[in-house]
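Chemist: Chains as they are written, first to last, in my numbering: chain A, 1 to 417; chain B, 1001 to 1417.
Quick caveat, the hints were computed from the structure, so don't treat them as lab data. Certain hints may be false.
As the list claims (entries may be wrong) - Taking CB as the label site, the calculated pair distances span:
| # | chain 1 | residue 1 | chain 2 | residue 2 | range |
| --- | --- | --- | --- | --- | --- |
| 1 | A | T313 | B | D1141 | 23 to 31 Å |
| 2 | B | K1025 | A | E91 | 40 to 48 Å |
| 3 | B | G1128 | A | K317 | 32 to 40 Å |
Stated by the list, open to error - Each computed EDC-like pair below joins lysine to aspartate or glutamate, with the alpha-carbon atoms no more than 16 Å apart:
| # | chain 1 | residue 1 | chain 2 | residue 2 |
| --- | --- | --- | --- | --- |
| 4 | A | K359 | A | D399 |
| 5 | B | K1259 | B | D1182 |
| 6 | B | K1124 | A | E142 |
| 7 | A | K124 | B | E1142 |
| 8 | B | K1249 | B | E1402 |
| 9 | B | K1025 | B | D1182 |
Each residue gets a CB set at the ideal place from its N, CA and C atoms; glycine is no exception.
2 protein chains.
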Amino acid sequence: MALVVQKYGGTSVANPERIKAVAEKVVGRRRKGDDLVVVLSARAGETDRLIALAHEVSLSPDAREMDVLLATGEQTTVALFSMAVRNLGVEAISMTGYQAGINTDRSYGQARISGIETRPIMEKLHEGRIVVVAGFQGYDDEGNITTLGRGGSDTTAVALAAALGADVCEIYTDVEGVFTADPNVYSKARKLDRISYEEMFEMASMGAKVLHLRSVEFGMKYHVPIMVLSSFTDAPGTLVTKEDEEMEKVVVSGITYNKNEGRITITNVPDQPGMAARVFRPISDAGINVDLIVQSGAGIPGRADISFTVPKTAHKKAMEIVEAVAREIDAGPVHGNASIAKISIIGLGMRNHSGVAAKMFDSLARENINLKMISTSEIKISCIIEEKYAELAVRVLHDAFELETAPHGRIEVQEET
Amino acid sequence: MALVVQKYGGTSVANPERIKAVAEKVVGRRRKGDDLVVVLSARAGETDRLIALAHEVSLSPDAREMDVLLATGEQTTVALFSMAVRNLGVEAISMTGYQAGINTDRSYGQARISGIETRPIMEKLHEGRIVVVAGFQGYDDEGNITTLGRGGSDTTAVALAAALGADVCEIYTDVEGVFTADPNVYSKARKLDRISYEEMFEMASMGAKVLHLRSVEFGMKYHVPIMVLSSFTDAPGTLVTKEDEEMEKVVVSGITYNKNEGRITITNVPDQPGMAARVFRPISDAGINVDLIVQSGAGIPGRADISFTVPKTAHKKAMEIVEAVAREIDAGPVHGNASIAKISIIGLGMRNHSGVAAKMFDSLARENINLKMISTSEIKISCIIEEKYAELAVRVLHDAFELETAPHGRIEVQEET
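With the rest of the complex left out, here is chain A:
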């Protein structure tokens, strides 16, 4: 008899019919003997609806009150779901983030879990009940309601699995698992059986939406086996787990792309100490996250070009800031390009295989896909290319690294939205 934490997203509990269907699924599992903690998101669309409501009463809704408001979304689903389970003759009890003992810091809207008091859940489990926990929410040391930010229910589930010492954390989504590439982009993409936390973490950072970044962090830190699978089929899914020798043999595990960044190049920056700081300080002061940064020699001696990427939504604002800086530091013209894509290949095997980068560049060059920026990490290589080539690049690299036929499954790519 295993202790299992399951998480169902907003589309899985979108309406009474879905809720009843998931309840059937959960009750069936319970009858097989497993102890179950079920974490639920708000009904699909509910959070956006509540945010819109808040903006109808206030120009800039107070962060604390926004969390009080948003927390009602999950409270509604856990109550309805518990009713549906009991209606099937199985004992269930709902818990809000507070009742489930999910303690967080006070950064409203993006709170981080600081600790979990497991006694309340454990007591109910010992009474033989299915415990239904409101995802995405917690409470701070003064009892204020907090929320964990988008995708927070994944984090709630993995954190609970870690705290409860669960055998597995099952994340039910609307996809069948983690794929080598976005099946919508390349039909040859394959579903993975297993993937390492490190790879999954890079995938999530690169824009794969299948798991929330912080939930992967939690899984990695506490070694929680995470199973990603579909709530609409009974397909096996993908297990995110500790790396092993087999995984290390795999050079490239998967490919992601991301069209949500814009590029900015500031030319002829005086090549002196502190210049980079002069450029990036005002950008971070404006709350804009910089992703890739590449500095290269410019045509003119004693000068350098600095290129970097920012979220597309912040591209225009960043351009204005950088143009002002350029004048101050007497640099050259500033060029911006918002129609780029970042394509990345990820794999543990890169650590001890050479020539991976070369193979990536060759394959893309052969299709006349020009590389505007390159950035590498221990298990990842990312290139900035023209946006229109993104899907082509995915297919080209998928073939080049033989992901279709490789011994192990691969990682899904989904475009960030």
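Starting from the structure of chain A, add chain B where the hints point.
Modeler: Using the frame of chain A, we list chain B on its own:
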């Protein structure tokens, strides 16, 4: 500077526009220097919407989970309202029943307040904030969410006023106060300036909807001055308070009627000890509340007729039960009449004025309104008459006791729904 508890009902916070309007009103009051605790109901219709949702997932929704679900209604309004107040530049903070320290027993759906921990609210008041409390909800000793039942927000407000030692509890509704009679039934009805708890209590019991029965109980028990007024006008309203000499001079304060009962008469009951119990035990076992009971001698010696009233909704069921009992105890035929009305006159002055009943009966008789049952209490006389005469009876008695011109205002009548 006074400490004031205000309660706004569902129609007052039905949508963002209403919420902003009430926020303006409250902020204006705050700027005059009063400390404010604002108790809110769920948006009009929200509770019914949630109940319908529950019945879509479960044939008989679990009581605990129903309270978890319903509690989201008030949590939503307090969050939105606090945002609206802060948007006007005044500090406000929302509190759920739990955060406000409203401790109850565990009778889900109809919990009774057992105690209030005032420290959290007091702290926020001392910080100069408007404290916005979710009405209708509380928590039991194990931290389960409970609700107080329909009209529970009135009870929350009056209980908070008592616990906080507020100077007054203002209940904002969609009527301008307490009237001598339903203005829709009799245009001569007058709004009261003041009324005693005892009278208000009888009014509420008799079906006047302006205040929730339990909130009047609380006010009476803890001597909380309750002001009933409209949230849509600035009219003065009616103060519910301790009785004083002036009030005692008033023979009849107001008139109510109620069309929600049905009458049952069981004839020729053997006049022996224990017979009444034989009749009423099975009715109460069926969960049916009996209101008036009158026993009278039947035509036959050693026999008696027993008449009583039950809620119209339970009339048919009660008839079946009684007919069975009649056979068992060898009584005569059972007669039922579901088209009756109960008309009541209420006034502290009855205690030391004679002839009030006679005057009531005469006035009705003069209009050929036949009295089917009569029941009296210290400050109330109720008669059962044919339903069709209800409105006529209100007007006749209003004139007979000169309520239009009497020195003090009178009590509203509203038909229970």
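Chemist: All hints, please: hold or fail.
Modeler: Each hint tested on the structure:
About 49 Å separates the C-beta atoms of T313 (chain A) and D1141 (chain B), a value inconsistent with the hinted range of 23 to 31 Å. Evaluation of the 40 to 48 Å hint for K1025 (chain B) and E91 (chain A) yields a pass: the beta carbon distance comes to about 47 Å. For the hinted restraint 32 to 40 Å between G1128 (chain B) and K317 (chain A), the CB-CB distance of approximately 37 Å keeps it satisfied. The straight-line distance between the Cα atoms of K359 (chain A) and D399 (chain A) is roughly 12 Å, inside the 16 Å bound, and the hint therefore holds.
Of the supplied pair hints, the one linking K1259 (chain B) and D1182 (chain B) holds, its CA atoms being roughly 14 Å apart against a limit of 16 Å. Between the alpha carbons of K1124 (chain B) and E142 (chain A) the distance comes to roughly 12 Å, so the proposed pair stays at or under 16 Å and holds. Our distance criterion of 16 Å between C-alpha atoms is met by K124 (chain A) and E1142 (chain B), whose separation comes to about 12 Å. Taking the CA atoms of K1249 (chain B) and E1402 (chain B), the gap is near 14 Å; set against the 16 Å cutoff, the hint holds.
The suggested pairing of K1025 (chain B) with D1182 (chain B) is violated, with an alpha-carbon distance near 28 Å, which exceeds 16 Å.
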